[in-house]
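Asks: The sequence shown begins at 149 in this note's numbering and counts up one residue at a time.
Please keep in mind that the hints were generated in silico from the structure rather than gathered at the bench. In this text, a Cβ means the ideal position worked out from N, Cα and C, and glycines have one as well. Careful: at least some of the hints might be erroneous.
Stated by the list, open to error - Taking CB as the label site, the calculated pair distances span:
no.	residue 1	residue 2	range
1	I244	Y287	40 to 50 Å
2	D259	Q174	34 to 44 Å
3	V210	H285	15 to 25 Å
4	M290	A205	18 to 28 Å
5	M290	C212	14 to 24 Å
6	P167	C212	18 to 28 Å
7	T302	G178	44 to 54 Å
8	L219	N192	10 to 20 Å
9	A211	E173	14 to 24 Å
10	G288	I168	10 to 20 Å
11	H206	G250	21 to 31 Å
12	T302	P253	16 to 26 Å
13	Q181	R297	43 to 53 Å
14	I168	T302	16 to 26 Å
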Amino acid sequence: MQSISPIVPFVDLAPLHQPIQAQIEQAIHGVLQRGDYVMGQSVNEFEQAFSKACGVAHGVGVACGTDAIALGLQACGIGQGDEVILPANTFVATLIGVLRCGATPVLVDCDAKTALIDLVAAERAITPRTRAIVPVHLYGQMVSPCLLRDLANTYGLI
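Please put together the full structure from these sequences, using the hints given.
Replies: Here is the structure:
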């Protein structure tokens with residue numbers, strides 16, 4: 149009798165890097181040769197290129213997205229007693245980023261067609277303690293930046 153694998157493949161990522169595999173391997177080799185794994189030449193070059201692409205003066209590379217969320221919220225003064233609205237359809241790291249800065253995550257429903265945060269549900273979840281909305285863009289889709297900014301501006305949120 150043949151056993152059936154309980155694993156359902158999500159997406160085959162291997163082909164994604166094939167066109168630039170040589171460049172990736174060369175970059176990895178360069179870091180290994182220099183030994184500058186943290187705050188080295190490659191990180192500095194990335195920070196400069198990223199900040200330029202975003203049209204800002206500075207960019208800071210961090211270890212992971214969880215750190216980026218926590219540091220971003222902390223930089224905005226969000227902490228203990230504050231609420232941050234998140235889509236229910238997100239990875240646990242988003243919640244951990246909010247918890248690490250001392251705030252309370254508030255999960256809201258997502259749009260059935262896009263699986264992105266439902267901004268109407270987000271608006272219903274706003275309380276006097278709400279300080280920010282973390283929209284989480286997924287599946288090659290963005291939450292409407294204009295609608296999100298309008299909602300944030302209406303309620304004085306980040």
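Asks: Compare the structure with each hint and give your call.
Replies: Structure-based check of all given hints:
1. At about 21 Å, the beta-carbon gap between I244 and Y287 misses the expected band of 40 to 50 Å.
2. For D259 paired with Q174, a C-beta distance near 42 Å keeps the hint of 34 to 44 Å intact.
3. Between V210 and H285, the C-beta spacing of about 18 Å keeps the proposed range 15 to 25 Å intact.
4. At about 24 Å, the beta-carbon gap between M290 and A205 stays in the expected band of 18 to 28 Å.
5. For the hinted restraint 14 to 24 Å between M290 and C212, the CB-CB distance of approximately 21 Å keeps it satisfied.
6. Evaluation of the 18 to 28 Å hint for P167 and C212 yields a pass: the beta carbon distance comes to about 26 Å.
7. With their beta carbons about 48 Å apart, T302 and G178 fall inside the hinted range of 44 to 54 Å.
8. A beta carbon spacing of about 18 Å between L219 and N192 agrees with the range 10 to 20 Å that was offered as a hint.
9. Restraint check, A211 to E173: a C-beta distance of roughly 22 Å satisfies the suggested window 14 to 24 Å.
10. For the pair G288 and I168, the supplied restraint of 10 to 20 Å holds, since their beta-carbon distance comes to about 19 Å.
11. Separated by about 25 Å at the C-beta atoms, H206 and G250 satisfy the suggested range of 21 to 31 Å.
12. The beta-carbon spacing between T302 and P253, approximately 21 Å, falls within the hinted interval of 16 to 26 Å.
13. Separated by about 44 Å at the C-beta atoms, Q181 and R297 satisfy the suggested range of 43 to 53 Å.
14. In this structure the supplied range 16 to 26 Å is violated for I168 paired with T302, their Cβ-Cβ distance being about 43 Å.
Checked against the numbered hints given earlier, the structure breaks hints 1 and 14 and satisfies all the rest.
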